[in-house]
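Participant: From first to last, the protein sequence lines are chains A and B.
Number 589 marks the last residue of the first sequence (the numbering used here); no jumps.
Number 220 marks the last residue of the second sequence (the numbering used here); no jumps.
To be clear, the hints were calculated from the coordinates, so they are not data collected in a lab.
A couple of the hints might just be wrong.
To be verified - Quick list of simulated restraints, FRET-style, between CB atoms:
1. A:Trp130 with B:Pro77: 19 to 27 Å
2. A:Asp261 with B:Leu179: 48 to 56 Å
3. B:Lys114 with A:Pro582: 44 to 52 Å
Note that the Cβ used here is the ideal one computed from N, Cα and C, for glycine as well.
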Amino acid sequence: MSSHAHAGGSTVHAPMAEPSGFIRKYIFSVDHKVIGIQYFLLALTAVVVGIVLSLLMRFHLVWPNAALPFVSGGQMSQEQYLALVTMHGTIMVFFVLTTAPQGGFGNYFLPIQIGAPDMAFPRLNMLSFWVTFLAFVCIIAAFAVPGGAPISGWTGYTPLSGLGEITGPGEGWGQTMWIVSISLFCLASLLGALNFIATTIDLRAPGMSLMRMPLTVWGWFVTAILGLLAFGVLLAGGILLLLDRSAGTSFFIPAGLVVNDQLQAHSGGSPLLWQHLFWFFGHPEVYIAILPGMGVASHVLSTFARKPVYGYRAMAYAICAIGFLGFMVWGHHMFVSGMSPYSGFAFSVLTMSIGVPSAIKTFNWLGTLWGGKIQFKTPMLFALGFVSLFVSGGLSGLFLAQPAVDNMLHATYYVVAHFHLVMGVAAIFGIFAATYFWFPKMFGRMMSEPLGKIHFWFTFVGAYCIFMPMHFIGIAGGIRRYADASAVGFLAHLQPVHEFMTIAAFITGAAQLFFLFNFFYSLKFGPKASKNPWNATTLEWDTDSPPPIDNFGGHYPSVYRGPYEFSVPGAVDDFIPQWLEPSQVARVK
Amino acid sequence: MPSTIVTEEMELLRVDKGPGGGGFSGGGGDSGDSGDSSGATRVPQRAYITGMFIALAGILMFFMAFVSAYIVRKDMPNSAWIPLPVPRILWLNTLILIASSFTLARAHSRFTAKDEDGFRHWWATTTVLGILFVAGQIIAWRQLAAQGIFLATNPSSSFFYVFTGAHGVHLLGGILALLYVQFRATRKVARGTAVEVVSMYWHFMDGLWLFLFLLLYLGR
Numbered sequence: 001m002s003s004h005a006h007a008g009g010s011t012v013h014a015p016m017a018e019p020s021g022f023i024r025k026y027i028f029s030v031d032h033k034v035i036g037i038q039y040f041l042l043a044l045t046a047v048v049v050g051i052v053l054s055l056l057m058r059f060h061l062v063w064p065n066a067a068l069p070f071v072s073g074g075q076m077s078q079e080q081y082l083a084l085v086t087m088h089g090t091i092m093v094f095f096v097l098t099t100a101p102q103g104g105f106g107n108y109f110l111p112i113q114i115g116a117p118d119m120a121f122p123r124l125n126m127l128s129f130w131v132t133f134l135a136f137v138c139i140i141a142a143f144a145v146p147g148g149a150p151i152s153g154w155t156g157y158t159p160l161s162g163l164g165e166i167t168g169p170g171e172g173w174g175q176t177m178w179i180v181s182i183s184l185f186c187l188a189s190l191l192g193a194l195n196f197i198a199t200t201i202d203l204r205a206p207g208m209s210l211m212r213m214p215l216t217v218w219g220w221f222v223t224a225i226l227g228l229l230a231f232g233v234l235l236a237g238g239i240l241l242l243l244d245r246s247a248g249t250s251f252f253i254p255a256g257l258v259v260n261d262q263l264q265a266h267s268g269g270s271p272l273l274w275q276h277l278f279w280f281f282g283h284p285e286v287y288i289a290i291l292p293g294m295g296v297a298s299h300v301l302s303t304f305a306r307k308p309v310y311g312y313r314a315m316a317y318a319i320c321a322i323g324f325l326g327f328m329v330w331g332h333h334m335f336v337s338g339m340s341p342y343s344g345f346a347f348s349v350l351t352m353s354i355g356v357p358s359a360i361k362t363f364n365w366l367g368t369l370w371g372g373k374i375q376f377k378t379p380m381l382f383a384l385g386f387v388s389l390f391v392s393g394g395l396s397g398l399f400l401a402q403p404a405v406d407n408m409l410h411a412t413y414y415v416v417a418h419f420h421l422v423m424g425v426a427a428i429f430g431i432f433a434a435t436y437f438w439f440p441k442m443f444g445r446m447m448s449e450p451l452g453k454i455h456f457w458f459t460f461v462g463a464y465c466i467f468m469p470m471h472f473i474g475i476a477g478g479i480r481r482y483a484d485a486s487a488v489g490f491l492a493h494l495q496p497v498h499e500f501m502t503i504a505a506f507i508t509g510a511a512q513l514f515f516l517f518n519f520f521y522s523l524k525f526g527p528k529a530s531k532n533p534w535n536a537t538t539l540e541w542d543t544d545s546p547p548p549i550d551n552f553g554g555h556y557p558s559v560y561r562g563p564y565e566f567s568v569p570g571a572v573d574d575f576i577p578q579w580l581e582p583s584q585v586a587r588v589k
Numbered sequence: 001m002p003s004t005i006v007t008e009e010m011e012l013l014r015v016d017k018g019p020g021g022g023g024f025s026g027g028g029g030d031s032g033d034s035g036d037s038s039g040a041t042r043v044p045q046r047a048y049i050t051g052m053f054i055a056l057a058g059i060l061m062f063f064m065a066f067v068s069a070y071i072v073r074k075d076m077p078n079s080a081w082i083p084l085p086v087p088r089i090l091w092l093n094t095l096i097l098i099a100s101s102f103t104l105a106r107a108h109s110r111f112t113a114k115d116e117d118g119f120r121h122w123w124a125t126t127t128v129l130g131i132l133f134v135a136g137q138i139i140a141w142r143q144l145a146a147q148g149i150f151l152a153t154n155p156s157s158s159f160f161y162v163f164t165g166a167h168g169v170h171l172l173g174g175i176l177a178l179l180y181v182q183f184r185a186t187r188k189v190a191r192g193t194a195v196e197v198v199s200m201y202w203h204f205m206d207g208l209w210l211f212l213f214l215l216l217y218l219g220r
């Protein structure tokens, strides 16, 4: 391995003092690394809750009349099923998919990968985490309040969500807690986005131009811009919804509604207005969920194929294009809402156009692998799985983007299959790839390879077993969010398919125990990790595992080349790190 | 209190040429930071300016959501929309807020000229005008209430209260920031930078109010 003498141009500062005391070190810490781990652990807790909820749903779909010990009334009611649907979606989308990739890994590695000692605003960073934590407490509290959890879905459509208790169990306190939780989450995300963007723009090390940033940083950067522009709209919508519920306004409630024989005293509001406000946020949100994973995929594929990312510039521009176009397509969630066919056409064309940068990225991932010297380590397996699942899930999106087709498929299991493949599996695989890849750096120890491989294969095969058949259920007319379709004549023949998916779900869920065990066991007993166990090129591999408080131990790196200099002709090693001075690169004589 | 010459320079931008070239954007990295004695924090003052731009973009989107809801709701059929008589005091409040932007600009130029007394005078004037604006908005609310016009009375009144309320809350934050700069010494942020970002925020709130006021007035 080449020597790692530090760049002569960098300035030496006095090493930063560590904070003293358990509280300042691990609880109320302003260190982006601690905050990143806090976000990660929050997401880990949330995903366990979310998986349990989904397993309850899958169980109910196959055995709707089973006696359940912990459910009041003995059997799960239809409203309770809807509460599961709502909470599963809310917790997974917000507290797992928006939290782990961006708040977790982005917080930890963005500053280090650009050579900064911390985020631009460390105290704001700490505030962001604790507000997110408070939001999580609020959403969990929705289970415990009178009436229980809300039943209006993670999308909270009005008027169901806008009238209070009268529309159903959970629509009183539960829905209010939902709105409060989401509003807090919006605030925290806005502050976090501010931090990410300012840090990326202003705190890059000398030599770290935009076109030398790792694609992970591009992913976090564009994701933060999406968050900045989208979460404010959701916050505004949430405030208006809260006013409708508690102050008697009628932003979203039409006149003349009779609910449970009671005429509602609202006038002339529009449920469609809520849909527009929600989905204007909601579509960028799903790109927020996937873009960091795309960055990680590029990064890991390159590292373990020992090849530069194919078409780095195009990859960076594609991330920007996906982000930009993502703001223009929200109407494709509303094709059946009665919109003008011209609007439908516009949204359809724009939605399909996102396929172009997405395809560019997919082909470039393949191009990165082509001719590479591939090492099938666990992070690589999950990155490969990401590409596979993104293609599978993305293709069904193209079908849904046709209004004529979506007329049939809207609100069926086809949609559920689509978004689970892209979000519920591909994005999760991005998180897993990041975890296995960066665990040595974060915790100074290696995870077990055999356990990682077992986890991968069970999850990869299991996820396909769960979600591939779901497309057929959707095409056959299986409606989503229905608690019990077992008595519906034309769907009865599909119950065995539901059973297969449920069993696959339980097995795949159980297989995550391999991951949990591997993670926590390796924290304590894994073999010690070196500075750069993967022979990678980006700045985080230039420092100790785990990094010191100011990331680089008093000296700050300078950057001399791009982030993916693998297998460079004429170099002795098959990688040249970004931080190595040109004179120190060992060349073949 | 004796007047002191403001000694900290406002460091908006420092361009450094890093080793190995590569055309990176200036301002970050190894440059020492003004107003920072702890040595290792290394956040360039420029980051606070960038941060404020970013914050204003987010705040703008928040208000634009309300504006789009307003436009949609207003023109809906069967919306039972009764145009709201905009309280006349809003004209006075608007003039006060515009004046506060002028006094703020004055304060800013006094600061750059290192005239501490002038700076503090005009900065305080801005704060007072801001407080007067908020008081005027509250008076407007009470006038409406006296006429029996509340939040839920009519969609037009709902939007009026939402717009003025949201803007007022943000302006209160601005007043707190003005007071903070007036009375407290900032640690990581150089005083010049603090003056700069608070000014940006205040001018933005003024411009936003002009936009909202015109929207409410012309759209009534």
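Participant: A range of 19 to 27 Å was offered for this pair. Does it hold for the Cβ distance of Trp130 of chain A and Pro77 of chain B?
Facilitator: 46 Å Cβ-Cβ, so the 19 to 27 Å window is violated.
Participant: If I claimed the Cβ atoms of Asp261 of chain A and Leu179 of chain B lie 48 to 56 Å apart, would that claim hold in this structure?
Facilitator: Once the Cβ atoms are compared, 54 Å apart, the range 48 to 56 Å for Leu179 of chain B and Asp261 of chain A holds.
Participant: Can you tell me whether the CB distance of Lys114 of chain B to Pro582 of chain A sits inside 44 to 52 Å?
Facilitator: For Lys114 of chain B and Pro582 of chain A the Cβ distance comes to about 46 Å; the hint holds.
The structure fails hint 1 only (numbered hints given earlier).
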